[in-house]
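> Read off the chains here:
Number of protein chains: 2
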Amino acid sequence: MYTAPVDDYRFLYSRAFGLDLIARSTDGALNAEDATDIVQHAGDFAASVLAPLSRIGDTEGARLVDGTVQLPDGYAEAYREMVEGGWISAEAPASAGGDGLPDAVRAALGEIWNSANAAFALSWLLTQGQIHALDAKASDAIRETYLTKLVSGEWTGTMNLTEPEAGTDLGAIRTMATPQPDGSWSLKGDKIFITWGDHEVAENIVHLVLARTPDAPEGARGLSLFVVPKYLVNADGTLGTRNGVSTVSLEHKLGIHASPTAVLNYDGAVGYLVGDLHGGLAGMFVMMNSARVGMGFQATGISERAYQGALQYATQRLQGPVIGRDGGAPISEHPDVRRLLLSMRSDIYAMRALGVYTADLFDRAAEDGTGELAEFFVPILKGWATEDALIVTSDGIQVHGGMGFIEETGAAQHYRDARIMPIYEGTTAIQSNDLVGRKVIRNQGATAEALFVAMGETVTALSAFDHPVATRLADRLTRAIDSARRATAALVGFAASPRDAYAVSVPYLMLLGTLSGGWMHALAAIAVLDDGKTTSERLTIADFYGSHHLPRVHALAETVAAGEVA
Amino acid sequence: MYTAPVDDYRFLYSRAFGLDLIARSTDGALNAEDATDIVQHAGDFAASVLAPLSRIGDTEGARLVDGTVQLPDGYAEAYREMVEGGWISAEAPASAGGDGLPDAVRAALGEIWNSANAAFALSWLLTQGQIHALDAKASDAIRETYLTKLVSGEWTGTMNLTEPEAGTDLGAIRTMATPQPDGSWSLKGDKIFITWGDHEVAENIVHLVLARTPDAPEGARGLSLFVVPKYLVNADGTLGTRNGVSTVSLEHKLGIHASPTAVLNYDGAVGYLVGDLHGGLAGMFVMMNSARVGMGFQATGISERAYQGALQYATQRLQGPVIGRDGGAPISEHPDVRRLLLSMRSDIYAMRALGVYTADLFDRAAEDGTGELAEFFVPILKGWATEDALIVTSDGIQVHGGMGFIEETGAAQHYRDARIMPIYEGTTAIQSNDLVGRKVIRNQGATAEALFVAMGETVTALSAFDHPVATRLADRLTRAIDSARRATAALVGFAASPRDAYAVSVPYLMLLGTLSGGWMHALAAIAVLDDGKTTSERLTIADFYGSHHLPRVHALAETVAAGEVA
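From first to last, the protein sequence lines stand for chains A and B. Using full-length UniProt numbering, the first residue of the first sequence is number 1, and each one after it goes up by one. Using full-length UniProt numbering, the first residue of the second sequence is number 1, and each one after it goes up by one.
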């Protein structure tokens, strides 16, 4: 049973930040209530069509049978319903022929698809990433042949970076693309960990492949980007023969079993250059940014599903006398089960709110110049939310007690599914290096300081309310911002000793994520108190976040200041 | 590949605490070098016989086939080798006919068996618990018939508490034992989550069952303890017919697949009372204490195995230029991979040292009166080490990057296996309630304060060394002890508002565990510096623990002081 968190999105769209969705929407007419309606519809669709397939996807998984990838019954039909419901094109930008929903609304959809069925949602998540890359870089011919089919959802897209000897280090990529007389390229090499790399759910698959060309410079600067379809496309747009890319095997993974993770062999596969020769990395980063923000939504989604399962169990399971109360009660009333549930709920709200906030920064970037801050939040959202999702899904098991360890309960699946998130689309270390190197040290902490100033203004606004939650949270945030400033100064001071900076870059990322979560709760508390309410679940989770999550900022600041332990 | 951490145990036995193993040993002759030799032998045996069976145990698991529990090939033979090698009786107390190895040595064995094969090791871990319970409570007849067979390892033991409607709340147990004319009892009821509840590895299984008797008081005070063999035992000691206990099913679990977790149905099963009528809980707690300390060793063991796998991968995998160094190198040289490895290693040392320290307190309890402190550490060791093991095994996956998510790599198994530890033998909440209710609030923090005084003396000794690691760690420990004192005072202040205390009891437990780990590193640093060494891996991990783990104490103290969030 899954129910989309529509109330939270209504609150985020209408109250929490003063979002101006109308100004962001393609037709200039989408207001908060319209956006909430879309969330409601997506939630209903996800609950009825996608969520019921999650467990069978986990138990049966994707299988390679006689060279063909098979998914459990229902997946192909559900994908078709996604397409026919217009959900794929809804998220694609208007410039690419999609509906161009604001990113702030896509944040909700991203969460919902991943709550319902994270392994399945990866198929269109990577399609969306490729749509962004092709929209930014591809020629008209490629747009016409491939982009339109990706936007309609008829075909799906993949992202081919990793090779056996080139994971985090893309410069080591060896797949070779050789120019052909007809202007196409011939690709040869092996790619691994290709998410939804092969399947029969859509009629064609478009691989976006990072490869080296003859005489290209060494390292990452010598890489170019190619579109390589599974089936070649005839001049009239119909599908031709199989291209020279074959599926060697599927990985046997800890989680997301229904997502076929393929080893692909390219052997004379026909490809088409996207963007500039040797400009592959830039094109891939467009896709990467979209996918990384999407990981923040996935982290929220898997966490939310784990929370709903735990909450449902805890409110139905009766056991034992409750400390400090008369008589028996559901275990959700036991102090430590309540602690676990509040910890999950308050952290998930923080992720969700930061996801919408970051998405809105991207929506506004073109006109308001919020792009720098948006880019700043990408590694934070991806790194922090996916790391915290491990704790949330672990807490989800703990709420169930012994039942949580039994696979049939379902809590364990979320724990297993979540574990890939801090790894793919760039490990947490990669996110933190991006944050620390490119976004903090390079401008001597200027963006971070601008953020702390904005947070300080929120604290001032919060302090104006005569309410104990406001008082406590304002005090805790003030101290947390101080700690964050000290940590930032320490990091900037490590500019000349980069090992010190990179040895504590993950703790610094976690610090900023945790602090930003507290900021999101402060904004929520202000909105609630502004409405004249003095009790609200939103105030409770804000208070809880302040006393259980926010204090970690101080511990992390001490760790950051220490630099590398020699 | 597994290698027992013999050097750490040599250090712990000979240098870290000034342990007097000779005084504790049964024959008064076991010195530190003898103890280390035993560890070395156990390590060799575990590496060659038990460790190779771990992965097949995970992939094939225990299966119920036509009413019989089957384990993969090799398990029965390996168990026989355990017995023939004398490893089961080595750990049993001399009073029960075992070798009576000191608990400080059993700590090492417990870790090693669990590193090699955690699912398998549970079989004799629970046997050892039952041995302790029967040694303390059973009649001569039961000792002669059952205890001797358990001590020799010919039979294994189980612990039957949980029922479908009675998990954490033992007072809800409904299994009924009815007295029979011959002095035996007839048991009827259902027990779930029975670890190694059925198997063919040993020729008989002795169930220790908590059950209610007719006209017994309601709740936990009405429970009695019974020995119920799988096969009835004839007067001459030979095995008779199957008793009335049958295996309904085995659980399909997230991890420890080779450990058969059974649902048992008792239907007129013949049982024998152990100890006093209605004194079941006291008897069970003897077993429970042993099992809980054993969980600390299991947490260390699974963590160590995850660490060895990660270290091996990271030192063999070459990738990318290393920040701040010239040229390529193994990924273990990358700052964040090094951070992960040091985090794992320093935390594992802390668990291992606290395990030996606690075990030695039990060894000394009879003569030195250290029993109170030993009991104080039981919930801390069980709760903190098992929770931290989740982080350590998660970090083990992260070190592997994408490969960590692939089951064949083996890292994922440790992550899955570890997840049960904070649940069974009493959840972390149960441990923390025991700690906070019985061991802190009841004596107004007196035991905790005595511990802080002892830690303060260590800080004074550490401060005497003119070495940057000593200076830093002494400063950090001083501040951490201050925070712990404030948290303890806050908890004691919650005596009249128990929900405040129990809403933050887990954070308080984690605080004391983290702080105790820092204390263990301080003792190690003193021993190293005392030997005149100025560089040592032990100093590096002590320094790392101080800057990455210990600062969490302050965050947790702030959480504890806040009490329940209303």
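Worth flagging that the hints you see were computed from the coordinates, not collected in a lab. Just so you know, even glycine gets a beta-carbon here, dropped at the ideal spot from N, CA and C. Incorrect hints may have been included.
[To be verified] Among the chain A residues that face chain B by a calculated CB cut under 8 Å, a handful are:
1. ASP169
2. PHE405
3. PHE465
4. SER505
[Unchecked claim] Pairwise CB distance ranges, derived in the manner of DEER restraints:
5. A:LYS533 x B:THR535: 51 to 61 Å
6. A:PRO330 x B:GLY28: 37 to 47 Å
7. A:ASP73 x B:GLY240: 43 to 53 Å
> Could you run down the list of hints and mark each one as holding or not?
Going through the hints against the structure:
1. Because the closest C-beta pair between A:ASP169 and chain B is about 3 Å apart, less than 8 Å, the hint holds.
2. Annotation: A:PHE405 was flagged as interfacial toward chain B, and the flag holds, the nearest CB pair being 5 Å apart, inside 8 Å.
3. Given the 8 Å rule on beta carbons, the hint for A:PHE465 is violated: about 17 Å separates it from the nearest Cβ of chain B.
4. The beta carbon of A:SER505 comes within 7 Å of a beta carbon in chain B, closer than 8 Å, and the hint placing it at the interface holds.
5. The given range of 51 to 61 Å is respected by A:LYS533 and B:THR535, whose C-beta atoms sit roughly 60 Å from each other.
6. The hint said 37 to 47 Å for the Cβ distance between A:PRO330 and B:GLY28, and at roughly 56 Å that hint is violated.
7. Separated by about 51 Å at the C-beta atoms, A:ASP73 and B:GLY240 satisfy the suggested range of 43 to 53 Å.
Hints 3, 6 from the list above are not met by this structure, while the remaining hints are.
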